[in-house]
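When you get a sec, could you build the whole thing from the sequences and use the hints?
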Amino acid sequence: GEDVEQSLFLSVREGDSSVINCTYTDSSSTYLYWYKQEPGAGLQLLTYIFSNMDMKQDQRLTVLLNKKDKHLSLRIADTQTGDSAIYFCAENAGNNRKLIWGLGTSLAVNP
Amino acid sequence: NAGVTQTPKFRILKIGQSMTLQCTQDMNHNYMYWYRQDPGMGLKLIYYSVGAGITDKGEVPNGYNVSRSTTEDFPLRLELAAPSQTSVYFCASWGQGARNTEAFFGQGTRLTVV
Numbered sequence: 001g002e003d004v005e006q007s008l009f010l011s012v013r014e015g016d017s018s019v020i021n022c023t024y025t026d027s028s029s030t031y032l033y034w035y036k037q038e039p040g041a042g043l044q045l046l047t048y049i050f051s052n053m054d055m056k057q058d059q060r061l062t063v064l065l066n067k068k069d070k071h072l073s074l075r076i077a078d079t080q081t082g083d084s085a086i087y088f089c090a091e092n093a094g095n096n097r098k099l100i101w102g103l104g105t106s107l108a109v110n111p
Numbered sequence: 001n002a003g004v005t006q007t008p009k010f011r012i013l014k015i016g017q018s019m020t021l022q023c024t025q026d027m028n029h030n031y032m033y034w035y036r037q038d039p040g041m042g043l044k045l046i047y048y049s050v051g052a053g054i055t056d057k058g059e060v061p062n063g064y065n066v067s068r069s070t071t072e073d074f075p076l077r078l079e080l081a082a083p084s085q086t087s088v089y090f091c092a093s094w095g096q097g098a099r100n101t102e103a104f105f106g107q108g109t110r111l112t113v114v
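Residue numbers (this note's numbering), protein chains in the order written: chain B, 1 to 111; chain Z, 1 to 114.
Source of the hints: derived by calculation from the structure; they are not laboratory data. Watch out, some of these pointers could steer you wrong.
Partner residues are not named here, just some residues of chain B that face chain Z (Cβ under 10 Å, in silico) [unchecked claim]:
1. Q6
2. L45
3. L103
Just so it is clear, CB atoms sit at the ideal spot from N, CA and C, and this is done for glycine as well.
As structure tokens, then:
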């Protein structure tokens, strides 16, 4: 069945790069997404990648997609304390645009 | 455009009470969704709709009902609230056509059942 998996926690030092990983199972997914959620807040779309792309860069964010391994990663360069949040990976399962979500990776940025 | 608007933002219900979570969007989107997010978890799909008059169950529909009488509105009804329905509820909409590549989310409704 459809499933999205992420590691639950990541801790980095301010100024370092963060890499958050995600694996998914539905090879028919057309888009894959990264959302950010700060405590008690809603969902902020950070970036997404189309399934026929390998990489997408958007300022400090780099998304890498390995379709063969069904592996997606989000790299945040020069991580700041304001990047502390939970990051969700989600895939568009294609059928009626339903999103399948990972459990989220809690990123802690230490000064 | 206001986007996706959910009301209320917060609510406390007693066990057995009923309520309706409201969701409206002004983007003329065909697709609308209700997700719930339990503490420390990702989102699970409750119900969705691909257009006015059409609704379908998601992963976790038990204890909920929806209707879609207009394109704009997609209310979620809780009958006989239970503590297991304590969660944050997110409504989302998505436009039709290949150019529409993302969902738009409301700010969420934080529901506590005591």
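Checklist entry - Measuring from the C-beta of Q6/B to each C-beta in chain Z, is the shortest one below 10 Å? => result 8 Å, holds
Checklist entry - With 10 Å as the cut and Cβ atoms as the points, is L103/B at the interface with chain Z? => result 5 Å, holds
Next on the checklist: Interface hint check: L45/B, Cβ to nearest Cβ on chain Z, cutoff 10 Å. Holds or violated?
Outcome noted: Cβ of L45/B sits 6 Å from chain Z, so the hint holds.
In terms of the numbered hints stated before, the structure departs from none.
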